Structures are given as C-alpha cells and as structure tokens.
Amino acid sequence: AQKVTQAQTEISVVEKEDVTLDCVYETRDTTYYLFWYKQPPSGELVFLIRRNSFDEQNEISGRYSWNFQKSTSSFNFTITASQVVDSAVYFCALSEMANDYKLSFGAGTTVTVRA
Amino acid sequence: NAGVMQNPRHLVRRRGQEARLRCSPMKGHSHVYWYRQLPEEGLKFMVYLQKENIIDESGMPKERFSAEFPKEGPSILRIQQVVRGDSAAYFCASSPTSGLTDTQYFGPGTRLTVL
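Line by line, the protein sequences are chains Y and X. For reference, each letter of the first sequence is one residue, going 616 to 730 in my numbering. For reference, each letter of the second sequence is one residue, going 208 to 322 in my numbering.
Pulled out of the complex, with its shape left as it was, chain X reads as follows (with noise of 0.2 Å):
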C-alpha cells in the first residue's frame, strides 16, 4: 500500500523561474493538504484541496503561488517567478475524509532551492 508520493524529491531553480511540485495521495485518499517548512521552524499550512476544488487556501501567499488536484492525475503546487524566499521543504499530506477525526499522512516532502 504505497503512501503519498511527491517529487522531485529535490528541486533546484534560478530566481524568476517556475517550480511544478507534484503530490499524489495515498490509494483511497481524496483530500489533498499542502504544508511548507522554511529552515528551522515547523510545518505551516498553505492550502487544503479535493479533487477538482479548492477548499481552502488561506495559507498560500496572494501571488505567484497556486494549487490545483485535477480529476485525473496529482495535486500540483505551482511557484511562479521563484525568488530566494521561498526555498523551503513544501510537504503534500493526505486523508480518506476531511475532518478532526482524520489523520493526515505526509509524504517525504520536495525540497525547493532557489539560487
């Protein structure tokens, strides 16, 4: 029973260029969560997402950033025009249902650089 993918596993970009960061759920899964970790501090949410909607994204930054879990195919994270800030651990966990009594499994996370 494999458990949430993401990759790249690691990912490198100039500043101004775009990141494509994919997440696909475990087998069963369809709610779909983002976090970020910037060096040194926790796990922050960014955006909560089923398949075809968004549920949440009070946590994602206005610009440059977007999320979207099409019908078919992975949840993607999208950083436009990447700027040295926001080099950080982004994670992807998923859950059966969306609730309090859910547990949210995390994947190993992409690890964004930005030079």
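Same shape as in the complex, but just chain Y (with noise of 0.2 Å):
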C-alpha cells in the first residue's frame, strides 16, 4: 500500500504565481515524521524540511511553507511567488516509529515555472 500519496504528477505555472503540493500520508503509528525534499533538474536531493507528528504547527521559511493538518493526512507545501529557480520535482517522504530509518517516498510532483 501507497504510504505516501502526492496526487499531482506536474504543476505548470507561470512566473511569480503561488503553487500548492498535495501530499497525502497513511499510517498507524502516533510517532512519526515528514519531509520535503527538492530535485532540481541537476538531479540531487535536496532536504527541504522535517516535522513531526506532534508539531502541527505551520511553519514558513522565505517563499517556502508548509501546512500540517493530521486531522487530514496532509502535509502541503507552498511556494510563494515562484521563480524560474522553483523548477524541480518535490518528493513528500514519511518516516514511521516502525521503521524509523526508512523513508516512503511519494512519487514526486514536477513543477515547471514559466518565466
């Protein structure tokens, strides 16, 4: 089963236009954590944030944040009047208390920022 869910396949937009990742997480544990990771087109993996499951607080940092809701299995992350440099694919990840070192990854969602 699909632990980690990131519905949209590719995001166009338009320069300085906002855009929202869905990511959409399934498990049964109460400790668990989250993570944004960019792969711009040069091909690395680029950590962007973790959370926790008992932190559900929305954070921001720059033109990046992040909405946490466990209410709804989602961790969503928004880009804020993006840029050319915002082209990548994002991965959403998911690590559980049951097995704490392995990431589940979604299947990325590729944004593509128009100049």
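One thing to keep in mind: the hints can contain errors.
Keeping only pairs whose Cα atoms sit at most 25 Å apart, straight-line, the calculated BS3-like set for lysine-lysine is [unchecked claim]:
hint: 1; chain 1: Y; residue 1: K653; chain 2: Y; residue 2: K631
hint: 2; chain 1: X; residue 1: K234; chain 2: X; residue 2: K278
hint: 3; chain 1: X; residue 1: K251; chain 2: X; residue 2: K269
hint: 4; chain 1: Y; residue 1: K653; chain 2: X; residue 2: K234
hint: 5; chain 1: Y; residue 1: K685; chain 2: Y; residue 2: K653
hint: 6; chain 1: X; residue 1: K269; chain 2: X; residue 2: K234
hint: 7; chain 1: Y; residue 1: K618; chain 2: X; residue 2: K258
hint: 8; chain 1: X; residue 1: K251; chain 2: Y; residue 2: K618
hint: 9; chain 1: Y; residue 1: K631; chain 2: Y; residue 2: K685
hint: 10; chain 1: X; residue 1: K258; chain 2: X; residue 2: K278
hint: 11; chain 1: X; residue 1: K258; chain 2: X; residue 2: K269
hint: 12; chain 1: X; residue 1: K251; chain 2: Y; residue 2: K653
For the record, the hints were derived by calculation from the structure and aren't laboratory data. Quick caveat: nothing in here was measured; it's all calculated off a predicted structure.
The two chains are supplied separately, each in an independent frame; assemble them into the complex guided by the hints.
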C-alpha cells in the first residue's frame, strides 16, 4: 500500500504565481516524521523540511510554507511568488516509528515555472 | 563541511558487467542508506548499513546486489551481471545516528545506464 501519495504529477505555473503541492500520507503510528525534498534538474536531492507528528504548527521559510493537518493526514507545501529556479521535482516522504530509518517517498510532483 | 559524496555520477555498463557505486557519508555520520529511483518514480529504500554491519537489506533484490560499509573507506553498492532493468539513479544518504529523529542527507546520486 502506498504510504505517501502525491496526486499531482506535474504542475506548470508562470513566474510569480503561487503553487501548492499536495501530500497525503498513511500510517498507524502516532509518532512519525514528514519530509519534503527538492530534486532540481541537476539531479541531487535537497532536504527542505522535517516535521514531527506532534507539531502541527505551520512553518514558513522565505517563500516556502508548509501546512500540516493530522485530521486529513496531509502535509502540503506552498511556494509563494514562484521563480524559475523553483523548477524541480518535489518529493514528500514519511518515516514511521515502526521502521524509523526507512523513508517512504511519494512519486514526486514536477513543478515547472515559466518565465 | 562536505556533504555526502557519491561517485561516479554517471555510469554506463553493458548487460552482464558489474557496477560499483561508491558513497562517502558526511563527516561524523556513521549510518548509510541506499535508495533506488527508477524513472518517473520516487525513491525506494534498499539497504541500511553501519560501519562493518548490514542492519537492514530488506529492500535489496536477493540476487546480484550487495552492499558493504567497511571500517575504512566508502560504502559500496555492487551490482553483478547488470540487466537493463537495473538502469536507475542510486542515491546514498547518511545520518549521524539512526532513528526517527534523524534527518537523512542525500548525495547527488549515481545514474546507472545499462546498455
């Protein structure tokens, strides 16, 4: 069963538009962590954020913000005023108490920001 | 502070040859994880190693694949008698300890192409 679902395969926006990436997860554990990673065209995987299951506060970092809602098992990611450099594949991932070192990744959402 | 290093970045092999992928973890990190990313998919866990020990290889194919993390030197993922289906990006990650609270930092990946 898919533990992390990123329903959006591709999103294309024009520069300066906001873009929200959805992530829905599934777990029976009460303690878990959620992550977002960015994979730019160069291919490396860049860590963006980690959030634990007990902290539902939304987080903002520059143009990035994250909305964690346990009630809907979602951990969505918004890029405000997108820029061409934001073009990348974005992965949501989950680690659970039961398999604490194994990250379960979603399939990724490809974001293309056009000038 | 150097990040996780992987080499080679690109590797081309013919069917039946061997592929050796190397990973040097971040300084101070003694836990190494290997993930595989097939085209158009998210990353899938393969194996978790500590120095000289394989802790969990549940994600690794039973045949042809092996991994090691010797006392000295990088971690090695070895694929014998490669087949076309082995073509993928192989990512290594490291963390200082292992557990739910640790973030895994990824290397740039090795892109293996099997002709």
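Against the structure, the hints come out as follows:
As the CA atoms of K653(Y) and K631(Y) are separated by approximately 19 Å, the hinted pair is consistent with the 25 Å bound. Between K234(X) and K278(X), the direct Cα distance comes to roughly 14 Å. Compliance with the 25 Å bound is thereby established for this hinted pair. Taken as a hint, the K251(X) and K269(X) pair is honoured in the structure, with Cα atoms around 15 Å apart against an allowance of 25 Å. Simply put, K653(Y) and K234(X) have alpha-carbon atoms about 22 Å apart, close enough for the 25 Å limit, and the pair holds.
Distance hint between K685(Y) and K653(Y) is fulfilled; the C-alpha atoms sit about 23 Å from each other, no more than 25 Å. Between the alpha carbons of K269(X) and K234(X) the distance comes to roughly 31 Å, so the proposed pair goes past 25 Å and is violated. Our distance criterion of 25 Å between C-alpha atoms is broken by K618(Y) and K258(X), whose separation comes to about 30 Å. Of the supplied pair hints, the one linking K251(X) and K618(Y) holds, its CA atoms being roughly 12 Å apart against a limit of 25 Å.
In summary, the hint linking K631(Y) to K685(Y) is not supported, as the alpha carbons are separated by about 30 Å, beyond the 25 Å threshold. Pair hint K258(X) plus K278(X) holds up; C-alpha atoms about 6 Å apart against a cutoff of 25 Å. Of the supplied pair hints, the one linking K258(X) and K269(X) holds, its CA atoms being roughly 21 Å apart against a limit of 25 Å. Restraint check: the Cα-Cα separation between K251(X) and K653(Y) comes to about 16 Å, which is no more than 25 Å; the hinted pair holds.
When the structure is compared with the earlier hints, violations turn up for hints 6, 7, 9 and for no others.
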